[in-house]
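Q: So you can see what is in the structure, the chains are spelled out below.
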Amino acid sequence: MQITCRDRKQIFLDGSAEEWTGLELHVASCAECAEEVRAWKALSAAAEELRDYQESPALWPRIETALVQQAENSVIGKSRPERLAFWRSVPMVWQTVMAGTLVLLMAVTAGYLYLQSGPGKGDPNNPLLKDRKLAEVERSERDYVKAIDKLAAEAKPELEMPTSPLMASYQEKLIMLDSAIDELRAEAGQNPSNAHLRYQLLAIYQEKKMTLQDVLETKR
Amino acid sequence: MGSVGVSLPRELRISSVAREGIFPVEPPERESQANPAAGIPEDAALAAACRAGDLHAYERLYRLQGARMKNLARNLLGTKNDAEDAVQETFLKVQRSIASFRGQSSFVTWVYRILVNTCHDLRRSRMRRKETVPEKREEGVMPAEPRAPGGHPSLKLALDRAIAQLTQHQRDVFLLYEVEGFRHAEIAEMLEISETASKNTLFQAKKSLRQVLEAPRSSQAGGE
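As given, the protein sequences belong to chains B and G, one line each in that order.
Here my numbering is used: the first residue of the first sequence is 1, the next is one more, and so on.
Here my numbering is used: the first residue of the second sequence is 1, the next is one more, and so on.
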């Protein structure tokens with residue numbers, strides 16, 4: 001077989017035995033190809049330096065132990081009661097349908113729970129008021145304040161100059177209630193959504209309103 | 001170059017005669033060299049025994065291929081400890097997934113595919129831990145030290161360093177072909193590439209290695 005320098009790369013890549021023989025003959029008369037072939041072969045020879053098949057006496061016992069342990073774990077796993085064995089007997093289509101139904105059911109339940117706990121439907125004991133609820137509370141407070149101001153204006157003469165011990169005690173009670181109202185309003189101003197403070201404030205307004213009504217009734 | 005396997009059966013040993021001479025005729029394909037399936041006539045029987053959970057079959061597989069598996073893993077990972085871990089993990093993976101082996105390839109080739117992938121996984125996890133190969137190399141497996149009697153420390157060191165500069169694919173193919181003596185058909189199965197790709201990759205790998213290994217010599221000559 002006639003081999004030229006141009007054939008060298010192809011022979012290195014995928015040369016047949018015949019082509020290699022031809023290359024061997026060619027290198028006898030071609031210094032460049034002789035050097036290339038020498039370097040090519042030298043790499044293969046050098047690769048043998050990386051071959052070291054010395055025994056590792058401890059390796060097989062280590063592997064054997066690991067294999068036995070894995071096999072035992074596998075047996076234990078198989079011997080466990082197959083709680084979901086029935087599931088495997090269900091066709092894949094029905095498994096998909098059942099899984100989809102379950103997901104849908106969970107989504108509907110979650111949505112229902114969310115709507116139930118949404119704005120305006122919350123627990124009155126919820127320590128934090130939502131915006132809508134807060135507006136309602138503030139409106140009630142304003143109504144109480146208006147009503148109280150009217151009553152206070154009517155009761156003012158009696159309370160400024162109490163004519164009886166009962167009226168004097170009403171006066172003291174109203175002073176205490178006003179003091180409590182001022183404190184709670186200051187706290188509520190810093191934390192408007194605090195339901196507990198708002199309910200306390202409303203209760204005191206209610207108490208003040210009732211006390212003023214009592215004052216006016218005693219006056220009559 | 002007498003570092004032929006000391007623990008492998010004769011039929012599995014890689015002949016070095018063809019590489020002894022300066023200009024030996026390189027066979028186009030290695031029909032009998034280190035062909036794992038050809039070397040183990042009971043390849044299918046071994047697979048069946050392993051599938052049946054026969055521990056002796058695994059031991060037989062280890063006796064036949066363990067040393068070469070460890071050598072390949074060490075060349076891919078750089079240390080003896082990592083190599084032994086990779087071989088152990090490979091055996092465990094074989095045991096776990098033997099049921100999925102359908103016999104499309106030889107059993108031993110399939111085992112080597114698992115080994116190569118396991119080595120890649122270990123290498124990646126080690127890279128994630130920012131442990132470089134030179135730092136991780138152990139004293140006992142430093143390339144400067146002879147791995148086998150009659151070794152050439154400086155050549156090994158140079159080759160180790162040069163191989164480290166190859167791409168992963170080039171390194172795999174070079175080690176499997178030139179060091180472990182597998183045929184391109186087997187390498188193609190192991191790496192899930194075509195035979196042609198395996199041949200091309202080997203060519204590119206040897207070209208790169210030659211450039212790296214000859215660079216110091218030419219720079220030395222230039223400096224003189």
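Hints are computed from structural coordinates only; laboratory data are not their basis.
Treat the hints loosely; a few may be bogus.
As the list claims (entries may be wrong) - Restricting the straight-line Cα-Cα distance to at most 20 Å, the calculated cross-link-like pairs of lysine to any residue (SDA-like) are:
id: 1; chain 1: G; residue 1: K80; chain 2: B; residue 2: W60
id: 2; chain 1: B; residue 1: K41; chain 2: G; residue 2: N117
id: 3; chain 1: G; residue 1: K93; chain 2: B; residue 2: Q70
id: 4; chain 1: B; residue 1: K146; chain 2: B; residue 2: L216
Said to hold, decoys possible - Ranges of calculated distance between the beta carbons of each label pair, as one might list FRET restraints:
id: 5; chain 1: G; residue 1: Q165; chain 2: B; residue 2: G111; range: 56 to 64 Å
id: 6; chain 1: B; residue 1: R6; chain 2: G; residue 2: Q168; range: 30 to 38 Å
id: 7; chain 1: G; residue 1: H56; chain 2: B; residue 2: Q10; range: 17 to 25 Å
id: 8; chain 1: G; residue 1: H56; chain 2: B; residue 2: N73; range: 35 to 43 Å
id: 9; chain 1: B; residue 1: T65; chain 2: G; residue 2: S125; range: 17 to 25 Å
id: 10; chain 1: B; residue 1: P91; chain 2: G; residue 2: A99; range: 37 to 45 Å
id: 11; chain 1: G; residue 1: S97; chain 2: B; residue 2: T65; range: 18 to 26 Å
id: 12; chain 1: G; residue 1: A45; chain 2: B; residue 2: Q69; range: 45 to 53 Å
id: 13; chain 1: G; residue 1: H56; chain 2: B; residue 2: V93; range: 17 to 25 Å
To be verified - Just a sample of chain G residues kept apart from chain B, beta carbon distances all over 12 Å, derived:
id: 14; residue: E59
id: 15; residue: A83
id: 16; residue: R102
id: 17; residue: H120
id: 18; residue: L122
id: 19; residue: H184
id: 20; residue: E214
Cβ coordinates follow ideal geometry from the N, Cα and C atoms, glycine included.
Q: Against chain B, does R102/G keep a CB gap of more than 12 Å to every residue?
A: Fine: 20 Å to the nearest Cβ keeps R102/G off the interface.
Q: Could you see if the CB distance from P91/B to A99/G stays within 37 to 45 Å?
A: The hinted range 37 to 45 Å is violated for P91/B and A99/G, with Cβ atoms some 23 Å apart.
Q: Please check whether H56/G and Q10/B have a Cβ separation lying inside 17 to 25 Å.
A: violated, 47 Å
Q: Taking the closest pair, is the beta carbon of H184/G still more than 12 Å from chain B?
A: Check fails; 9 Å does not lie beyond 12 Å.
Q: Verify that the Cβ of L122/G lies farther than 12 Å from every Cβ atom of chain B, and report whether the claim holds or is violated.
A: holds, 16 Å
Q: Beyond 12 Å from every chain B Cβ: check whether that's true for E59/G.
A: violated, 7 Å
Q: A range of 17 to 25 Å was offered for this pair. Does it hold for the Cβ distance of H56/G and V93/B?
A: Hint violated: Cβ distance 44 Å, outside 17 to 25 Å.
Q: For a C-alpha distance cap of 20 Å, please report whether K93/G and Q70/B respect it.
A: holds, 10 Å
Q: Check the following: the C-beta atoms of R6/B and Q168/G are separated by a distance inside 30 to 38 Å.
A: holds, 32 Å
Q: Go ahead and decide if the range 18 to 26 Å is satisfied by the Cβ distance of S97/G to T65/B.
A: Taking Cβ atoms as reference, S97/G and T65/B lie about 20 Å apart, which means the hint holds.
Q: Determine whether the Cβ-Cβ distance between Q165/G and G111/B falls within the hinted range of 56 to 64 Å.
A: holds, 60 Å
Q: Given the hinted pair K146/B and L216/B, is their alpha-carbon gap at most 20 Å?
A: holds, 17 Å
Against the hints set out earlier in the document, violations occur for numbers 2, 7, 8, 10, 12, 13, 14, 15, 19 and 20.
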